[in-house]
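Given chain G, put chain H in place with the hints provided.
Protein chains: 2
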Amino acid sequence: MASNGTSALSKTHRFDPDFTQSVINATGPKATPRVRKLTASLIQHLHDFARENELTVDEWMAGLELMNAAGRMSDDRRNEGQLLCDILGLESLIDEITYKLASEAADEPTATAILGPFWRKDAPLKEMGDSIVSGIDEEGHRTWMHGVVTDFKTGEPIEGAVLDVWHTAPNGLYEQQDPDQPDMNLRGRFTTGKDGTYNFYCLRPVPYPIPYDGPAGKILQALDRHPYRPAHIHFIITAPGYKPIVTQIFDRNSKYIEDDAVFAVKDSLKVDFKPIQKDPKADFDLTHDFKMATYEDAKKHSLVGATEESASGV
Amino acid sequence: MASNGTSALSKTHRFDPDFTQSVINATGPKATPRVRKLTASLIQHLHDFARENELTVDEWMAGLELMNAAGRMSDDRRNEGQLLCDILGLESLIDEITYKLASEAADEPTATAILGPFWRKDAPLKEMGDSIVSGIDEEGHRTWMHGVVTDFKTGEPIEGAVLDVWHTAPNGLYEQQDPDQPDMNLRGRFTTGKDGTYNFYCLRPVPYPIPYDGPAGKILQALDRHPYRPAHIHFIITAPGYKPIVTQIFDRNSKYIEDDAVFAVKDSLKVDFKPIQKDPKADFDLTHDFKMATYEDAKKHSLVGATEESASGV
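Here the protein sequences come in this chain order: G and H.
Here UniProt numbering is used: the first residue of the first sequence is 1, the next is one more, and so on.
Here UniProt numbering is used: the first residue of the second sequence is 1, the next is one more, and so on.
Next comes chain G alone, as it looks inside the complex (with noise of 0.2 Å):
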């Protein structure tokens, strides 16, 4: 176990060698095994932390501080808890776990990226040709995006899939973070036919700075960071039997493409926005597949990741 390896190591401090695993032993017998491992390994790394860089009580503090403040800034609509975890790349890093569980499988469903914290339930449903753009014409944005979504292991089309996206404005605003656009404008979920095909109007997004007014903006400006994430598209999909998806698509070309403050671009996940004429409404075309895998499968190749529960709780 890498955490022993861990704790031997930390045994070269000063301080007392005991401490440690006298916390740990305060655990008692009706813990779950679970709960005892992830206490057990939190506690280890939590004081390693505090012994390898001799933190004082005023650094400490002012963690807690930012910490509790990050809590008391959390409600529906914002979840600043996450954006700490994200800057800090802990919640890319964990869809990474999921998503090599997965790839350890013989074939590979699609990559899972972050959800982030602007995705919101209840998106209108919408007939495939439609447009998630309301109220505005955004030319020179303007993308026909389209794809099929198949089951990663027989290659087979999905009929009834949902695929839920959302995306920033062209001015780098989710709608629910600026009053000038229509409720609900830029996200939309689509249901496949039997051919498992999806086709929509969106626009070609831009990089944004995620929100910078409380402890995760903090943070970044003491670390000398930016705050922008490159150009991306957000989507969650279901299906009847299969495990969700919840991912992102990467425009290629996009500024901080090499560069995401919350670290969450895979290869696998970089798009081409290619120009097109020949559609009037549209300035762009978009191509993507999605691969979803059976829970069956999922199972039976130890993925884990995302439930429905923990997607929709966000």
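These are calculated hints, taken from the structure and not from any lab test.
It is possible that part of the hints are untrue.
A pair holds if it fits inside one copy or across any two, identical chains being indistinguishable in the list.
Claimed, not checked - Simulated crosslink set (EDC-like; lysine to aspartate or glutamate; CA at most 20 Å straight-line): (1) K37 x E54; (2) K278 x D130; (3) K281 x D16; (4) K100 x E138; (5) K100 x E296.
Relative to chain G, chain H alone:
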């Protein structure tokens, strides 16, 4: 650097070996060296924790919700985030680090212990010999406490030292938790004269459970741990030119003395409540001396620890 060792070990996992370093490398050139070091170490430990345990999205979300809930619960009267740190031993460990650095000097000032979440500013100013017990007669608990405050290096008594003292009532509650106690009951501040001595009446405290209705309580329950602290009396001792001491003294014969829910007990802080007959106003005699270090000595010996600002900031 120990964290390099940790990092090397963690590379035995099967996840992207460059990811954590890429997050650490995002820190810009204007970050201070201390911010850079603390953040790099925090990111390394967070990521190692996630990888070693193959943390799932659901587990991360559950932890995040606990942290956000702790923040929302924290205000001027309650610090649930601090309580979370306390039950994981972090505050006591930071206190140990502080004290260890202090004790590497030739002589040793009084050992310190965690502040805890129940201190209130502006406790009543009292005269020596006064009682901090208001409006109740708790026979069987009445205690005459006394001692001397000295310079840890010279042994000379310190004039003008202020002892800020607080403890629970025999029902296990601090006054701000208990509508039946008078405001500021069992709190007081005493200022030493030329001889450095102090004395006052208080009660013999009892064990009590830490607040159990928030995220800390949920964690204790999941860990199958009890929420009790052994009986103790809190002190903050300040004196012009001296480093403040934040400490607690523990009743050696109290239940939970070996099993404190927040791991704050140290041998040198255990005291004896001795039964007495000669004082009609007291059932027990308690003597304890405090040794303080000047800021100059503290600096010379690299003593770090609670500053006046951090103590009063809670």
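Results of checking the hints against the structure:
Only between protomers do K37 and E54 lie at most 20 Å apart by alpha-carbon distance; the minimum there is 11 Å, versus 25 Å within a single protomer. Taking the shortest alpha-carbon separations for K278 and D130, only the intra-copy value of 18 Å comes in at or below 20 Å, while the best inter-copy value is 92 Å. For the identical chains of this complex, K281 and D16 are neighbours neither inside a copy (70 Å) nor across copies (41 Å), given an alpha-carbon limit of 20 Å. Taking identical chains as interchangeable, the C-alpha atoms of K100 and E138 are never at most 20 Å apart, the minima being 38 Å within one chain and 64 Å between chains.
In this homomeric assembly, K100 and E296 come within 20 Å of each other (Cα to Cα) only inside a single copy, at 18 Å, whereas the closest approach across copies is 55 Å.
When the structure is compared with the earlier hints, violations turn up for hints 3 and 4 and for no others.
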